[in-house]
Structures are given as C-alpha cells and as structure tokens.
Amino acid sequence: LHDLRKAIPPHCFQPSVRLSFYHLARDLFIVTALTYFALYIPNVPPQLYLRVILWSVYGFIQGLFGTGLWIIAHDCG
1 LHDLRKAIPP HCFQPSVRLS FYHLARDLFI VTALTYFALY IPNVPPQLYL RVILWSVYGF
61 IQGLFGTGLW IIAHDCG
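Per UniProt numbering, residue 1 is the first one in the sequence shown, and the count goes up by one each step.
The set of hints was computed from the structure by calculation and includes no laboratory data. There is no bait here: all hints are sound.
Cβ-Cβ distance ranges computed for the label pairs, FRET-style:
{"hint": "1", "residue 1": "I72", "residue 2": "L50", "range": "32 to 38 Å"}
{"hint": "2", "residue 1": "G63", "residue 2": "Y22", "range": "20 to 26 Å"}
{"hint": "3", "residue 1": "C76", "residue 2": "L4", "range": "23 to 29 Å"}
{"hint": "4", "residue 1": "R5", "residue 2": "L50", "range": "45 to 51 Å"}
{"hint": "5", "residue 1": "Q14", "residue 2": "Y49", "range": "45 to 51 Å"}
{"hint": "6", "residue 1": "V57", "residue 2": "R26", "range": "18 to 24 Å"}
{"hint": "7", "residue 1": "H74", "residue 2": "L1", "range": "22 to 28 Å"}
{"hint": "8", "residue 1": "C76", "residue 2": "R51", "range": "34 to 40 Å"}
{"hint": "9", "residue 1": "L69", "residue 2": "L39", "range": "15 to 21 Å"}
{"hint": "10", "residue 1": "H23", "residue 2": "Y58", "range": "19 to 25 Å"}
{"hint": "11", "residue 1": "C76", "residue 2": "R5", "range": "23 to 29 Å"}
{"hint": "12", "residue 1": "L64", "residue 2": "L1", "range": "23 to 29 Å"}
Given the structure is predicted, the values throughout are model-derived calculations rather than measurements. The beta carbon of each residue, even a glycine, is placed where N, CA and C say it ideally should be.
Could you build all of it, start to finish, from the sequences and the hints given here?
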C-alpha cells in the first residue's frame, strides 16, 4: 500500500473545495440535461429497436452520474 501511495503525485492528496463543487455542479447539470433529453425519447424514433437502444444508453449514462451523486449523499449524510 505504501508503494502505491508513493506512485501517486502528492498534489492528488490535497483536497480542493473549488474543484469538488465544480464536479458536483457538472454532475447535476449532466443528470438534469439527460433527464430533459429523455423526455423526447418516446417520440423521436418510431422504430422500437432504436428506442430500446436509446433507453439503454440513457440508463447506463444516467446510472454513472447518479451513482456518483448517491455516493456523495451517502458520505455526507
């Protein structure tokens, strides 16, 4: 474990409130934008297979950012 910590640059262990809030705002923006665009998925492609693909991609990407927000809420709560 000590070798692994030595391999990571020291600046990576310095917390940055500004950078943390940037990441939080970015994640909230992406989740909001994805939700907004998902409102149009049922109407845009008439083909069923295309809707299935779009909903699958939406669920995967929304899950990535949603999990990040859940981890923040879990650690802060």
